[in-house]
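Colleague: Let's have the full structure, built from the sequences with the hints guiding it.
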Amino acid sequence: MLGIALLVFREVLEAALIVTIVAAATRGVPRRAAFVGGGIALGVAGAIVVAICMGFIEGSLGGIGPEVFNAAVLLAAVVMLGWHVTWMSSHGKEMVQQMHRVTDSVKAGSSSIAILLAVVALAVLREGSEIVLFLYGMAAGGAGELGFLTGVPLGLAGGVAVGFALYFGLLRIPIRHFFSATNWMLVVLAAGLASSAAGFLIQANVLPAWGNQLWDTSWLLTNGSIVGQAVHILTGYEARPAGMQLVFWVVTFAILAAGMGVISLRVTAQRKRVKPASQRVSDGPAAATRGA
Amino acid sequence: MRRWLLMKMVAFAGGLVIWAAAGAAAMPEFHLVLKDQKFEPATLKVPADTKFKVLVTNRNPAPSEFESTDFNREKIVLPNSTVTVFIGPLGKGTYKFFDDFHQSTTGSLVVE
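If you read the protein sequences in the order shown, they are chains A and B.
Once you know that position 46 of the first sequence is 63 in this note's numbering, the rest is easy, because the numbers rise by one and skip nothing.
Once you know that position 35 of the second sequence is 1220 in this note's numbering, the rest is easy, because the numbers rise by one and skip nothing.
Just so you know, the hints here were simulated from the structure itself, not pulled from any lab data.
Everything numeric in this text was worked out from a predicted model, so none of it was measured.
C-beta: ideal position from N, C-alpha, C; glycine also.
Hints are not guaranteed to be accurate.
Here chain B is said to cover these stretches of chain A; the calculated rule only asks that three of the stretch's residues, wherever they fall, bring their Cβ under 8 Å from a Cβ of chain B [to be verified]:
#1 79-87
#2 143-157
Stretch-level coverage of chain A by chain B, calculated; a stretch enters the list once three of its residues show a Cβ under 8 Å from a Cβ in chain B [unchecked claim]:
#3 35-46
#4 162-171
#5 211-221
Modeller: Next up, the structure:
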């Protein structure tokens, strides 16, 4: 029972942390709960399909199908997160303003939230397919009904609880800094996912390792521990990273940080140019009244 | 423009796969069998500073996940199937691995 609970907890935790950051990053977006819920539902359905197709995936591409599949899912999530943060950096300020004026129709966020629905779905799909295969094995191995009926809900509840704890922790960030904080978290998350993708491609011998174990900080925090696993998901932490993983991390971080920076600069510049014009427009009627 | 970029990416990925396949041909190969929730052999001796591959066969009725945090690998192995995992080059030492779906099933890699 404990074994079932623990494995379910660890896999749910990984997905829950990603879902939590996405949920926080879309604060104030209308129908957010429906989108996040929809993403989770899609992910669960996808996880079952992936688990059923695992035999095919295992045998495909000369045996490296699973690694290529995992890397593709991770990199797809990286691209979507990248799109979201660059988009957000141009719309985030509007969203903050709109959150203060609740009666206004909030349009910001709705075009990017579909992308984040996909990120949620991919995160749930990847971790969920492992849970499905594990539970199938437990059932085949004759694990008792009691083990399932207590272990699965216990592990699920534990993982979800940690997600909620993180969410309410994030809500304590002052609103002025909130979206830049969650955006930076998404950038670091994306960099970590890219590093994990590199890890899979190294395992498949598709990419060279460029230094198999660049350093060893397992004395400080091992990836085998629950905390190590949580930090791994949030930041891509590896106790013994390969050089190529570090390259993927740094390059992803640099591209997304630049994307965020460049676009917000451009928006600021546009605002500066637009502002005098809008002042003229608003001055117009007043001037006319004054004239009359 | 976008299609051109996509084509270049596909060509690049294809090149990598061919290059990887060429490198894999002369690689030392080792075998591990999962049976009755045990690794056979429980201790696998491999050469230091060499890339090698381990073929993991699962003879249990349930899926397993061959995993190691010591050498950073994880791969699901379905019942009655064999997967290939590329490992190393590793420095001398002992590296633990386990079945993530049955945590009490462990083994070690002795690199010498």
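Colleague: Are at least 3 residues of the stretch 162-171 of chain A within less than 8 Å of chain B when you compare beta carbons?
Modeller: With 0 residues close enough to chain B, the hint is violated.
Colleague: For the stretch 35-46 of chain A, do at least 3 residues have a Cβ located nearer than 8 Å to some Cβ of chain B?
Modeller: violated (count 0)
Colleague: Do three or more residues from the stretch 211-221 of chain A put their C-beta atoms closer than 8 Å to C-beta atoms of chain B?
Modeller: With 4 residues close enough to chain B, the hint holds.
Colleague: Is the listed coverage of the stretch 143-157 of chain A by chain B valid when you require three or more residues with a beta carbon under 8 Å from a beta carbon of that chain?
Modeller: This one holds; 7 residues, not fewer than the three required, reach chain B with a Cβ under 8 Å.
Colleague: Can the stretch 79-87 of chain A be counted as covered by chain B under the rule of three residues or more with Cβ-Cβ separation shorter than 8 Å?
Modeller: Answer holds; 5 residues pass the 8 Å Cβ test.
Figure legend: structure checked against the earlier numbered hints; hints not met, in rising order: 3, 4.
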